[in-house]
Amino acid sequence: MIEKVLKGSPAFYIWLLFLGGIASLGVFAYIFQLKYGLTITGMSRDVSWGLYISQFTYFVGVAASAVMLVLPAYFHHYKKFKKMIILGEFMAISAVLMCMLFIVTDMGQPQRMLNVILHPTPNSIMFYDMMVLMGYLFINALVGWVTLEAERHDVDPPKRIKFFIYLSVVWAFSIHTVTAFLYAGLPGRHYWLTAIMAARFLSSAFASGPAILLLLVIALRRLTGFDPGREAIQTLTKIITYAMAINVFFFLLEVFTAFYSGMPGHQHPLTFLFVGHDGHASWVVGWMWTAAVLAILSLCLLIPPQIRDNERVLPWALGILVIASWIDKGLGLLIGGFTPNPFETVTEYAPTFPEILVTVGVYAIGLMVLSVLWKIALDVKKEAGTF
Amino acid sequence: MYNGKYIIPGIVIFVGLFTFPFWSNLLTPKYERPQLALPAGQKECIEPAEYMRAEHMHILDVWRDQALREGKRAYVASNGKVWDISLQNTCMKCHANKADFCDKCHNSNSVSPYCWDCHVAPRGNQ
Amino acid sequence: MSTTRRQFLKIAGLSVFGLGASTALDAADAVAKDMPGAKYEVGGKHLAAKRWAMVIDTRKLESREDYARIIDACHKVHNVPSIPTKQEIKWIWTDKYDRVFTDDMSQHLSPAVREKDYLLLCNHCENPPCVRVCPTKATFKRADGIVVMDYHRCIGCRFCMAGCPYGARSFNFGDPRPYLKEVNPAFPTRMRGVVEKCTFCSERLEVGLLPACVEASNGAILFGDLDDPNSPVRKALAENFSIRRKPSIGTQPGVYYIV
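Protein chains in written order, with our numbering: chain A, 1 to 387; chain B, 1 to 126; chain C, 1 to 259.
Incorrect hints may appear among the rest.
[To be verified] The calculated label-pair distances, taken between Cβ atoms and stated as ranges, are:
# : chain 1 : residue 1 : chain 2 : residue 2 : range
1 : A       : Y36       : C       : S15       : 42 to 48 Å
2 : C       : P229      : B       : A99       : 50 to 56 Å
3 : B       : A40       : C       : P229      : 50 to 56 Å
4 : B       : C94       : C       : D98       : 50 to 56 Å
5 : B       : P113      : A       : L34       : 14 to 20 Å
6 : A       : I356      : C       : D95       : 29 to 35 Å
7 : A       : Y36       : C       : D98       : 31 to 37 Å
No lab work stands behind these hints, which were simulated from the structure alone.
Just so you know, even glycine gets a beta-carbon here, dropped at the ideal spot from N, CA and C.
Taking the hints into account, I'd like the entire structure generated from these sequences.
Quick look at the structure:
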């Protein structure tokens, strides 16, 4: 099936070339980082993780979100999703690859990466995170490839793949739960030390991941004419709406616990993010309010059925939702966890230009992988008449 | 032959590249064991020289774990002599000439261990 | 035809993989070969304890010079660079009461206590979160309670820095050497990309010396075995009121403060 990549329109190759250009800028910045170290980033002794790890976290959610297609299709035999499911699985592959790249770019000694396997440490959540990510990549590649090949030959997928499909559902929950445990098990990081961290992660993932998928599918419909079906889009939008509502609800639970209990340690990160700490208002404040307003706005556009089912409004609602969830999880979560620092003071973090360049480079690589995989999937579908 | 005009040059190029190490080795000067500066006044190392030449990296690897992780900082050599386990304070006390001992051999063998990124080379070699 | 070619490629691929794997295993085997008749022993002069701990008598530390002397002693002997940015590296340093003891224990402390500087360093916790989270065992707790770093193994993921509730860890964002005025030739520096912190001078204990800060403190910092009721630390704790940093999070720090 890989040969499908070799026969494409000029526009497809120009698109890949364009992404390749951006990716090579990222690689260039990364070579600088390898030479001079992470000192070229905005991270510091107090805010020791930054954009890389937050993007890793965000894209684990995007990867896990494929389950929102797989679960209804295979557990509830919701046939309408079957057409789109391969796109979700392939998006999961590219998202997991991006996660891995973000972890590697964040390492101070990437050439020692294999130490995680050479000296396995079962008490470290990072150890499990590595295993579940690799496992998820494998499962999705296997399931995606086998089902697509079956579709191509117009036969039912082999029975034994069912096991991996069911496994992928459980596994998707596990990858994001484990990623939440990276944060939620640390004493002294008030913003992260919360039992609903994994639940928050999953709800925001199941809102933002399918939203990104749907945005891309809508773009695909414009470009190639591939139509996943009106009902499939509407069902997925409903799932996104519920997940986003739960996500906002969970966040408000955090706010209640912090402020009604009145415990300073629990309040400080939230006050820092939304008004500033100790008279110190950071650049994040504006972003966080933007996220809050956009989150509510996205719900206003998604909850009433007559607006939700309007396909003109839908891309806007989804876009707004993605921005809101990205600021909350891809920015605020990290910064709020590290500020105030263990001394209850504020050290500012802002990503530097090279750091952003590396991050955008990883996005470009992810998008390249996604484009190639989706091209294969769509060409096979065209050939098999399931387009 | 079907597509022979592509296949035969392809095979030639492949064989050329694949055998690169062999013919490039024929064209470059023969490898000579580098002349190392041995410590003055010391006859023997912690273990026989032949063994040290082949296995010093292994000894250092075990030394590191023993000293740092097991808290065992004394090495009893096969001849019964006891040495403090320390690259900087034992090895380099004798082999004070890093440039003409470590580096010379490492360079001619194209290996670049990064010991010295942390461990401090003896003075006079910096 | 196409299936046989496919099968051939599958088998060929598997054989190449098997061949490669077996050579790799052979190579690993060769390395595992032990050296002739060598033994490893604990050095004769080393100081031993069941649980090393430190008591800082803050009443005996007053002037800026007192602190500077202690900090310099540590940072010089361990080649700790002085980097003037927020990517700084420090093993032992000072801060005010509110920053050190963040649980606001008394709103109306005597101004002398509140305005004073306090020494901060790694607490060598009984339940160290940094050790719990490290994915490579690069940081680990020794049998005598000291939490140490193996810089050779650290991959620079900085999970331990997120895990440490005391802000005791520093990361080498860049090469530390340009920031070292003079280098102690008896101790290594660190390299770019690894995390470092106070080691309770484990390397000095091995040769029978007390930690550098203890030695430089003129008796203000005590060091000894917490499991031995006759040790200087236990005696000082029995006779004085002492506190530790963030006791509520269950890490059981090994650094006590007499205030």
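- Honestly, which of those hints from before does the structure not fit? none
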